[in-house]
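Modelling step: build the complete structure from the supplied sequences, incorporating the hints.
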Amino acid sequence: MITILIRTLIIYLTLLVTMRFMGKRQLGELEVSELVTTLLLSEVASLPITNQDIPLSYALIPILTLMALEVILSGVLLKSRWLKKLLSVRPSILIRKGKPDPKAMEQSRISAEELFSRLRQKDVTDPADVEYAIAEPNGQISVILKATARQATTKELGITPTERGMMHLIINDGQVNEQNLTLSGHDRRWLEELLKAHKLTERDIFLLLCDDGGKVRILPRRAS
Amino acid sequence: MKSVWLSFGVLLLVVLLVLCNAGYVNHTVKNMKRMANDLPLSPDSGTEAQLDNILRLLDSHEAGLGLSVSFPLIDRVRELTDSARAYAQTGDKAGYASSRAMLIDAISDLNRLEKVTVKNIM
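Respectively, the protein sequence lines represent chains P and G. For the numbering used here, count along the first sequence from 1 and bump the result up by 1167. For the numbering used here, count along the second sequence from 1 and bump the result up by 841.
Please keep in mind that the hints were generated in silico from the structure rather than gathered at the bench. Quantities reported herein were computed from a predicted structural model and do not represent experimental measurements. Some clues are possibly wrong.
Stated by the list, open to error - Calculated cross-link-like contacts (lysine to aspartate or glutamate; reagent style EDC-like; alpha-carbon spacing at most 20 Å):
1. G:K843 - P:E1303
2. G:K934 - G:E889
3. G:K871 - G:D916
4. P:K1252 - P:E1298
5. P:K1266 - P:E1237
6. G:K843 - P:E1201
Set out below in C-alpha cells:
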C-alpha cells in the first residue's frame, strides 16, 4: 500500500501541474485541484468494483488521500497568496476599452474567431462596444459593455420601479409549500383568505405564485 | 478551517495505517521467506512438515494480508506450497526444486507494494 500511496501523491501532483499549465480552456466550472480530484476519483473508485482480484484498500487509500489533499489544498490556498498565485488560474483581460489584447489572447490560447464567437453568444457583435472582456478562471468569458452600448437602466432613466423580488411557488398541484409561503412573507391565514376570495380550495389550484411585492398569480387546475 | 484540520487528521491516519500495514506485511513475508529459504534443496523426511508450517502461517495471516495484497498473489503462494508438498511426497526432486524456487519468488511478490523502490513506484 505504500507504493499506492506514493503513486497517488505523484499522479495528483502531476495532474495538478498539468491542468494548471493547460489553463482556463480545459477547466469548465471547476478549480484546477477540483478537476484533478474529480478525474482521479472517478477512475480509482471503479477499480475494486470492476476487478474482484484487488483489495478494497487499493481504492480506499487513494480516495481518502485525494479527498484529504483536496480539502487541505483548498484551505492552504485561502491562506497562502503565493500558492494561490502558483496553482490557481488568474483572470485575464482579453478586450480592454474596445481593443482586443493579442498577448492576453495568446496566453489564454483563445483565437480571434473564438473570442468573437463568445461575444456573439452574449449578443455582442462589435468588440468596440466592449469595455472589458475577461477570461475567467472557470473558462467562461465575462463581458462588460461600454456605457454607450449598454441598455439604459431604470436608474439612468430616473425611474423607480416597484421591487418585485422573485416569484415564490406557494401551491404546486394542490400542495401548499409551507417554506415558500413563509419566504414570501405570508402565512396560512393570508392564503386561506386569498383562496376564499377567489372561491377556490387548495385542491382546485395547479399553481399559485406570489412575488415579494405581493403580486399573486393563480393558475387553477381546471379553467372555470 | 475545521474541515481542513479534519482532512489533515484523515491524511495522517491514512499514512499511519499504510505504515502499520507495511510493517505487518513485511514482517509476515519475512517469516514466510525465512521458512521457504529453510526448505532443503532436495526433499527429505521433514520437508512436508516445513511446507505445512508455511501453509499454516499463510492461513493465519490471510485475512490481514488480504487487506493490501491482491488475492491472486496469495492464491499463487498457496498453490506453489501445495505443489512443492506434492512433489516432496512423490520424491520428484526436479519438480520440488522448481516449485521451491517459484514459491520463494511468489512470497517475495507478496510485499512488493510495500517496498519503496523506483522500480515499484514507476
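Checked hints:
1. G:K843 - P:E1303: Not satisfied, since the Cα-Cα distance of roughly 29 Å exceeds 20 Å.
2. G:K934 - G:E889: Holds. K934 (chain G) to E889 (chain G) sits at ~13 Å (cutoff 20 Å).
3. G:K871 - G:D916: Holds - the C-alpha atoms of D916 (chain G) and K871 (chain G) are around 18 Å apart, at most 20 Å.
4. P:K1252 - P:E1298: Since the Cα atoms of K1252 (chain P) and E1298 (chain P) sit roughly 26 Å apart, the hinted pair is violated (cutoff 20 Å).
5. P:K1266 - P:E1237: Violated - the C-alpha atoms of E1237 (chain P) and K1266 (chain P) are around 39 Å apart, more than 20 Å.
6. G:K843 - P:E1201: holds (19 Å)
The earlier numbered hints that this structure contradicts are 1, 4 and 5.
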